[in-house]
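**Q** Turn these sequences into a full structure, and let the hints steer you where they fit.
Here the first sequence stands for residues 29 to 451, numbered as in my numbering.
To be clear, the hints were calculated from the coordinates, so they are not data collected in a lab.
Each residue gets a CB set at the ideal place from its N, CA and C atoms; glycine is no exception.
Incorrect hints may have been included.
Claimed, not checked - In the EDC-like style, the derived pairs of lysine to aspartate or glutamate whose C-alpha atoms are separated by at most 16 Å in a straight line are: (1) Lys238 - Asp254; (2) Lys398 - Asp425; (3) Lys103 - Glu65; (4) Lys95 - Glu71; (5) Lys238 - Asp197; (6) Lys147 - Glu301; (7) Lys238 - Glu221; (8) Lys147 - Asp304; (9) Lys95 - Asp44; (10) Lys103 - Glu78.
Said to hold, decoys possible - Pairwise CB distance ranges, derived in the manner of DEER restraints: (11) Arg378 - Phe100: 56 to 62 Å; (12) Ala380 - Gly265: 58 to 64 Å; (13) Gln128 - Ser220: 29 to 35 Å; (14) Asp429 - Pro350: 40 to 46 Å; (15) Pro436 - Pro350: 38 to 44 Å; (16) Leu45 - Gln73: 17 to 23 Å; (17) Leu426 - His47: 19 to 25 Å; (18) His47 - Ala181: 23 to 29 Å; (19) Gly325 - Ala354: 41 to 47 Å; (20) Arg187 - Leu76: 28 to 34 Å; (21) Arg187 - Arg144: 25 to 31 Å; (22) Gly325 - Ser257: 23 to 29 Å.
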Amino acid sequence: MAAPDQPFRTLAGMRDLLHPETAHRRRLTARFAELAELAGYQEVQPPLVEDLGVFLRVGETTDVVTKEMYDFEDKDGTRVALRPELTAGVARAFVQHHPQTPWKVWYAGANFRHERPQKGRYRSFDQVGVEALGVDDPDLDAEVVTLASMSLAAFGLRRVRLLVNSIGDHDDRARYVEAVRSYLDDRRDDLSEPARATAERNPLRVLDTKRPQDLAVVADAPLLADHRSPASEEHFGRVLAGLDALGVSYELAPRLVRGLDYYRRTTFEFVAEALDAAQNAVGGGGRYDGLVEDLGGPPTDGIGFALGVDRILLALSAEGAPDEVAPSVQVFVVDLTDGAIARDLTHELRAAGIGADRRFGGGSLKSQMKAADRSGARWAVLVGSDEVAAGVVTVRDLRSDAPQSAVPRDGLVAEIRARGTTT
RNA sequence: GUGGCCGUAGCUCAGUUCGGUUAGAGCGCCAGGUUGUGGCCCUGGAGGUCGGGGGUUCAAAUCCCCUCGGUCACCCCA
Numbered sequence: 029m030a031a032p033d034q035p036f037r038t039l040a041g042m043r044d045l046l047h048p049e050t051a052h053r054r055r056l057t058a059r060f061a062e063l064a065e066l067a068g069y070q071e072v073q074p075p076l077v078e079d080l081g082v083f084l085r086v087g088e089t090t091d092v093v094t095k096e097m098y099d100f101e102d103k104d105g106t107r108v109a110l111r112p113e114l115t116a117g118v119a120r121a122f123v124q125h126h127p128q129t130p131w132k133v134w135y136a137g138a139n140f141r142h143e144r145p146q147k148g149r150y151r152s153f154d155q156v157g158v159e160a161l162g163v164d165d166p167d168l169d170a171e172v173v174t175l176a177s178m179s180l181a182a183f184g185l186r187r188v189r190l191l192v193n194s195i196g197d198h199d200d201r202a203r204y205v206e207a208v209r210s211y212l213d214d215r216r217d218d219l220s221e222p223a224r225a226t227a228e229r230n231p232l233r234v235l236d237t238k239r240p241q242d243l244a245v246v247a248d249a250p251l252l253a254d255h256r257s258p259a260s261e262e263h264f265g266r267v268l269a270g271l272d273a274l275g276v277s278y279e280l281a282p283r284l285v286r287g288l289d290y291y292r293r294t295t296f297e298f299v300a301e302a303l304d305a306a307q308n309a310v311g312g313g314g315r316y317d318g319l320v321e322d323l324g325g326p327p328t329d330g331i332g333f334a335l336g337v338d339r340i341l342l343a344l345s346a347e348g349a350p351d352e353v354a355p356s357v358q359v360f361v362v363d364l365t366d367g368a369i370a371r372d373l374t375h376e377l378r379a380a381g382i383g384a385d386r387r388f389g390g391g392s393l394k395s396q397m398k399a400a401d402r403s404g405a406r407w408a409v410l411v412g413s414d415e416v417a418a419g420v421v422t423v424r425d426l427r428s429d430a431p432q433s434a435v436p437r438d439g440l441v442a443e444i445r446a447r448g449t450t451t
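**A** Here it is, written out as C-alpha cells:
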C-alpha cells in the first residue's frame with residue numbers, strides 16, 4: 029500500500045483531545061456524576077449506534093434528523109445511525125427494559141452531527157445529562173432544571189442565563205403550531221426566503237430567527253401563552269413556583285422553541301454570556317411526554333436535559349476560570365548509574381501509590397534534572413556511585429531551596445510519605 | 001449545505017503587495033559554559049514536502065486552477 033499523499037489526520041469537525049484538556053473533561057464529568065447521583069440518578073450508557081428509526085422519532089422535520097445524521101446501511105441491510113443526542117436512546121432503553129418508575133438516569137458521552145464545524149460546534153461532541161421518566165409532577169421539572177443549574181455552577185461557570193418556557197401539551201402545541209402557521213402565511217411576503225421554507229416545514233422554528241427582516245414579523249406573532257390550556261398553565265405555574273422556592277433564578281422566554289420535535293410543556297435553555305460566539309447555548313432540555321409512546325412503549329411522561337461539555341469548557345476558558353492541572357508525577361528518579369536503580373525505584377514508588385517517573389536513556393545529570401523539573405514532580409531522587417556505596421538516595425525538593433538530604437534507600441517510600449507530595 | 005478569511009520549524013508568527021542569492025524570529029527542544037545538581041543567564045546546534053496536486057515562468061512560499069484542512073458567520077444546535 030502506497031503512503032498517502034498527506035499524512036492522515038482527524039476528519040473535519042473531529043478532534044484529538046489531549047492533555048490537559050482531557051483532564052478538564054474528566055474532572056467535569058466526574059463532578060456531574062457526583063451531583064446526579066446525590067439526587068438519585070443512576071448511570072446509563074446507551075450504545076452509540078441505534079436503528080435509524082429510534083432517531084427519526086426525535087423529529088422528522090428537524091435538521092438534526094433530516095440533514096445532520098451520520099446514517100448508513102449496516103452489513104445486514106439495516107438502516108442505522110450514530111446517535112445525534114442521547115434522549116431517544118434512553119427512551120428506547122426504557123421501552124426495552126421496562127424499569128421501575130420513576131426511572132432517573134444520568135449519562136455522559138459522545139454524539140455525532142454532520143454539520144459545518146465552527147467555534148463550539150463539532151461533529152463529535154460530548155454531553156452530560158439526565159432523563160427522568162414516568163413522572164408528571166411539576167416538582168420533578170423543578171428538580172431537573174435545578175440540577176442542571178447547580179451543575180453549571182459547580183463546574184465554575186459564573187455568567188449563565190436560564191431561559192424557561194412552556195410550549196403546552198400535545199394539543200396546545202398542535203393548536204399553537206396552526207395559529208403560527210396561518211399567521212406566517214398571512215405575512216408570507218414579509219418573510220425572508222429561507223424563513224418561508226422553514227415556515228412550511230416547522231413554523232415554530234421561525235420564531236427564534238436571527239434575521240432582522242423576520243424578527244419584525246415574529247414580533248407580532250401569536251403568543252404561546254394564549255394557547256396553553258388551563259392544565260398546562262397550572263403545571264407551568266407550579267414549575268416556576270418550584271424554581272422560586274429553590275432559589276433558582278430564571279427568565280421567562282415566551283419564544284423559546286427548542287430544536288427537537290418531541291418537546292412538550294416545560295422547555296429550558298442555558299446561555300453562557302461569556303461566549304460571544306454564535307454557539308452560546310451550553311445546555312438545554314425539556315419535557316417529552318409522548319416520546320416513549322412513539323417508540324412503542326406505554327404512555328410515559330419524561331423530562332431531561334443535556335449540557336454541552338465542549339461549550340462549557342469554552343465558556344469557562346472565556347471567563348478566565350483557573351485551569352491548572354496537578355502533575356501526576358510526584359517523584360522523579362535521577363539515576364547516574366546504568367538505569368537499573370531508576371527502574372526499580374519508580375516501580376517501588378508506584379506500587380506504594382506515589383506517582384513516579386524517570387528519564388529513559390540516562391543522560392547527564394543536568395539533562396536528567398531538567399527532565400525532573402519538567403515533569404512537575406515535587407521531589408527529585410538522585411542516585412549515583414556515592415549513594416550506591418552508602419546505601420542511600422539523595423532527596424531534593426524541587427520547589428524550594430531547602431538543602432537536599434540523604435535517605436536510606438530502603439526508607440524512601442516512607443520518607444516521601446512523611447514529607448508529603450503536595451504544595 | 002452557502003459565504004468571508006486563513007494554512008510557512010514542535011508552538012506563535014514575519015516574509016506573499018511589486019516572483020529573484022543558502023526561507024527568518026521568539027518560545028520550545030538538544031548540547032556546552034558548570035567531568036554530581038533543574039529553574040535564571042550566556043554560547044552553539046538540530047529541526048522546514050512554505051497543507052497537497054497541477055499549471056504559468058529562465059526562476060514560485062509569492063501568480064493561476066483544483067483539492068484537503070482550519071476559522072468565523074449563515075443555517076442549526078450542546
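**Q** Check the hint pairing Lys95 with Glu71 against an upper bound of 16 Å on the C-alpha distance.
**A** violated (30 Å)
**Q** Leu426 and His47, beta-carbon distance inside 19 to 25 Å?
**A** Given range 19 to 25 Å: holds, Cβ gap about 20 Å.
**Q** Starting from the range 40 to 46 Å, see whether the pair Asp429 and Pro350 falls in it by beta-carbon distance.
**A** violated (27 Å)
**Q** For the pair we were handed, Lys238 and Asp197, check the Cα-Cα distance against 16 Å.
**A** The given pair, whose Cα atoms are some 26 Å apart, is violated under the 16 Å limit.
**Q** Is it true that Gly325 and Ser257 lie within 23 to 29 Å of each other by Cβ?
**A** The hinted range 23 to 29 Å holds for Gly325 and Ser257, with Cβ atoms some 25 Å apart.
**Q** Given the range 28 to 34 Å, decide if the beta-carbon distance of Arg187 to Leu76 lies inside it.
**A** holds (33 Å)
**Q** For the hint 38 to 44 Å, verify it against the beta carbon of Pro436 and that of Pro350.
**A** For Pro436 and Pro350 the Cβ distance comes to about 39 Å; the hint holds.
**Q** Using the Cβ atoms, figure out if His47 sits within 23 to 29 Å of Ala181.
**A** At roughly 26 Å between Cβ atoms, Ala181 and His47 fall inside 23 to 29 Å, so the hint holds.
**Q** Is it true that the CA of Lys238 sits at most 16 Å from the CA of Glu221?
**A** With a Cα-Cα distance of about 14 Å, the restraint between Lys238 and Glu221 holds, given a limit of 16 Å.
**Q** Checking one constraint from the list: CA of Lys147 to CA of Glu301, max 16 Å. Satisfied?
**A** Within the cut-off at roughly 15 Å; holds.
**Q** Take a look at whether the Cβ-Cβ distance between Leu45 and Gln73 falls inside 17 to 23 Å.
**A** holds (19 Å)
**Q** May I ask you to test the hint 56 to 62 Å on the CB atoms belonging to Arg378 and Phe100?
**A** Given about 44 Å between the Cβ atoms, the range is violated.
Going down the numbered hints, you'll see the structure goes against 1, 3, 4, 5, 9, 11, 13, 14, while the others check out.
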